[in-house]
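Q: If you want the building blocks of each chain, they are given just below.
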Amino acid sequence: MTDTPPHLVVIGNGMAGCRAVEEILARDPGKYRITIFGAEPRVNYNRIMLSPVLAGEKTYEEIIINGQDWYDDNGIELISGDPVAGIDRAAKTVTSRSGRAISYDKLMIATGSDPFIIPVPGKDLPGVVTFRDLDDVEKMLAAADLGGNAVVIGGGLLGLEAAHGLSLRGMQVTVLHLMPTLMERQLDEAAGWLLKTALEGRGQTILTGADTAEIVGDGKVEAVRLKDGTEIPADIVVMAVGIRPNVALAKEAGLAVGRGIQVDDDMVTSDADILAVGECVEHDGNVYGLVAPLWEMCRSLADGLVAQPNGYRGSVTSTKLKVSGIDVFSAGDFSGGEGCEDIVLRDATRGVYKRVIVKDNKIVGAVLYGDTADGNWYFDLLKKGEDIAEIRDALIFGQAFASGGGAALNPIDAVAALSDDAEICGCNGVSKGTVMACIGGGAQTLDAVRSGCKASGSCGSCTGLVENLLALSLGDDYAGERDVKPMCKCTSFTHEDVRAAILEKELKEIPQVMQELSWSTPDGCASCRPALNYYLLCAWPAEHKEDPQSRFVNERMHANIQKDGTYSVVPRMFGGITTPNELRAIADAADKYKARTVKVTGGQRIDLFGIKKEDLPDIWADLNAAGMVSGHAYGKALRTVKTCVGSEWCRFGTQDSTGLGIMIEQMTWGSWMPHKFKIAVSGCPRNCAEATIKDFGVVCVDSGYELHIGGNGGIHLRGTDLLCKVATEEETLEYCAAFIQLYREEARYLDRTAPWVERVGLDYVKSRVVDDDEGRRALRARFLHSQKILQKDPWAERASGKEAHLHQHLAEIRPFAVVGA
Amino acid sequence: MPHSALWLDVGPVEQLPALGARTLPVQGGEEIAIFRTANGDVYALNNKCPHKQGPLSQGIVHDNTVTCPLHNWRISLATGQALGDDVGCVPTIPVKIDGGRILIGRKEALANAA
Ligand code: SRM
Ligand SMILES: Cc1cc2nc3c(=O)[nH]c(=O)nc-3n(C[C@H](O)[C@H](O)[C@H](O)COP(=O)(O)OP(=O)(O)OC[C@H]3O[C@@H](n4cnc5c(N)ncnc54)[C@H](O)[C@@H]3O)c2cc1C
Ligand code: SF4
Ligand code: FES
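The listed protein sequences derive, respectively, from chains A and B.
Going from the first sequence to our numbering is simple: count from 1 and add 13.
Going from the second sequence to our numbering is simple: count from 1 and add 18.
In case anyone wonders, no lab produced these hints; they're calculated from the structure.
It is possible that some hints are incorrect.
Distance windows between CB atoms, simulated [unchecked claim]:
hint : chain 1 : residue 1 : chain 2 : residue 2 : range
1    : B       : Gln45     : A       : Asp231    : 43 to 51 Å
2    : B       : Gln45     : A       : Asp631    : 21 to 29 Å
3    : A       : Thr741    : B       : His89     : 16 to 24 Å
4    : A       : Asp85     : B       : Ala23     : 29 to 37 Å
5    : A       : Ser283    : B       : Glu32     : 52 to 60 Å
6    : B       : Glu32     : A       : Val658    : 49 to 57 Å
7    : B       : Lys114    : A       : Gly222    : 51 to 59 Å
8    : A       : Lys396    : B       : His89     : 37 to 45 Å
9    : A       : Gly69     : B       : Glu32     : 40 to 48 Å
10   : A       : Glu244    : B       : Lys114    : 29 to 37 Å
11   : A       : Ala386    : B       : Gln45     : 53 to 61 Å
Glycine included, each C-beta is placed from N, C-alpha and C at the ideal position.
Chain A extracted, bound-state conformation (with noise of 0.2 Å):
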């Protein structure tokens, strides 16, 4: 006894465990007798390796870390296969489950974590496997042999991976995410889509938002459900869901537990002769599921151990996916918050994007996806809490330029510096030569730089770099920036530039928008998101996705928000006529929901003030079932078609204004459009329906229809232009759908028709409009195409459950109930 070293018994012989052996044996060889435990039956290999190893690039020989001999030389006892059941500590021994007993002087418990389970029926079908060690991937190999569908529940880094080799290997692949973006923990929201893109062009189906119900099969697994009833075909199903630290033995000996295993800056646990190390640990509050951390706690446990304690401070992480072609880096925090500022880089055409997250100075976070060169760099910078106001301006740009005195430069100094032939825009292959010349040809802003060689014409990201181009070689000559404002600030692109971008690039979501046009933001503000929304609807009719969180609370609720957060709700009345059916509908509305106010607008119909957003869907479905739809009293769309009573009653009327007025509303109601759009027909020239203050107003003379446009009764008062007079009540409703389309098509978001025509003149919108009698047609075309597509009820669709989170409340809090619980 006296000889023999004290017994050190390591429980998991995984990459922890036997780390912190080498780390013990470098420090002093001599110090222990050491015996290994692992539940596996096989040495130590590379866990993460594991992902190369399905995607069949690399053999489970060439992950090995310490084979057989490693465990010889040193003479440590690995005793793999048999599993640790138990440990004693008054008795200082652990029992393994074939019943060996062993005691120990030290113990370390290096366990790892085991897979998390989602509980939900069917988990332990057949066919149902996680992925943690190489049986794992042996079942998920043998499965794939076969071919077939695979289903990946998890999203994440893990999940994502798995989905990788098995695509490679020929399944048919189909991730599960809960979360709205791929790997939410690590990516931001637009690394996120770029990632999912990316693995959809790659032929697997990935479903965001998707809420596992059930695995069902019989005997075997068949297909997973989702709670939205999607059934998806599984021949194996891997779940990936997440991890937890593997805490039973300790927990069962009485060891303070946390999340993890509790342990102090040593690694030493409430027991002063066990050690934890690894994924089962719990260290200040934090538990870690990456190596890089491992690494850093197996040296503070052998130094504290066998040397001079230096005391583990705990770790920064950083992440990078293990799947080939995709490069995805992300370190540190990159949720913003107070004082934080981001600094993002897109370049469409490389498909990257960087974003900095720099606060008081110092780099806190970074996101990058496609050229994840500088990762490590700015991770460098990040744990060393380098102050980086030296070198900001250049530091999106990479470690090469901010060091070759990119940042000591002024701007205009470091593109005099470029050569001839250096490259400034991406997009185009233009050469600085060529804009200096194009420049030099007399194109003088950046709008002329842009039509002469194509410079910036594309993604943008050069803009900074062509207007330092014109500052240099125009001096004070060079008038600025141009003047037709940006959309906001997060792009240098126009309201215009950015709907041509959209339809050249047939850009269909915004995160795709925002990526393509190099947003300078992550996700937008509450000025661009609603545009590009209304813009991207506006294009793209049948492919449209609806983003609510992109609309103004009234757009989202379907509702106008009050003051004091009730809802109105305005029913339509096609023309300003109602029923007596309607209105004791309505009556019954206002009763059974309390409505405090029932007012007539100033838009012939009734408006129900103070509803509570609880009992939005039900009012709906009353007047629903009356008949009647959404009068959109809250959007940026067709509100109403205001109309006099016209030839049927009145004893000077010309014309069935009130008729033609019904079926004007038929057709446009339910359009959305850049702002509100209002629209009277009055039966002559007396206008009672003061069609000439409206955004499309119909007079009616003895001889046919006069047709006004850009009319405004807001703010600033505008008397309508006339556009022309026809014949029919058929050319009405052409010119109108025409007159609507372009409006739609043209004019800025949040533009009415009376700013619209008096920027681009009367003069324009006639040579579209009535001149063109093609374009018109084409015009009407594209209009009654997308009403065909979009012309529904929203009211319909909530009254029917759609969206229903958004009207109720997530909880309830009874202070009194919840005491004790």
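Let chain A serve as the given structure and place chain B with the ligands on it in line with the hints.
A: Coordinates of chain B with the ligands only, in the frame set by chain A:
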């Protein structure tokens, strides 16, 4: 995780729409709005704009701010402070996510409650 002395469990995190909010009335107290940002971060604030009591839960969420639906003040979700030129502050409530559940600070949530 169940209720504890310090924390109240108010539901699963997936019930919060990304870039959106849900509300939580407190009997006898101030209604709470729970927000989720694009990054998946969750914040809780009183559902009352410091300007004129607008329901912040109905605003547009971007980065980690919300723009009030009534008159467009921008409020920091982290601190409750009005941003830009506006001055005012709305109380925040501590939130954490544990095992997919949203937990909010019991004491702060019940402040002023009967
Ligand atoms: C209800 C109503 C007043 C009434 O009791 O009669 C009304 C109520 C509101 N109007 Fe109006 N306007 C109403 C007819 C008008 C009219 C008259 C008309 O349409 O014949 C005008 C002037 C005509 C025009 O628009 O050209 C009018 C010009 C405005 C404006 C200024 C628009 C402008 O371009 O300058 C605003 C502000 C805005 O839209 O940004 C506005 C905004 C509003 C808002 C939506 C304020 C808001 O954002 O919360 C009010 C909503 C109250 C609610 O909760 O329902 N309302 N508003 C009328 C609803 C008509 C309907 O049935 O849909
Ligand atoms: C597919 C995959 C890819 C990954 N990719 C990355 C990556 O790219 N980057 C990164 O940083 N991290 C990655 N990780 C995470 C990384 O592998 C872990 O952080 C690391 O392995 C944790 O080390 P550990 O020693 O704590 O746990 P483990 O390596 O899991 O070792 C624990 C060992 O203890 C054994 N054990 C458990 N209970 C007992 C018992 N009672 N008796 C005996 N033995 C027991 C287990 O069988 C296991 O072998 C990946 C993980 C997986 C599964
Ligand atoms: S005039 Fe002003 S106060 Fe009256 S409804 Fe219109 S917006 Fe509100
Ligand atoms: S109440 Fe919020 S901005 Fe006015």
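Q: Checking each numbered hint in turn, tell me which of them this model violates, lowest number first.
A: Numbers 3, 4, 5, 7 and 9 - these are the hints that the structure violates, sorted from lowest upward.
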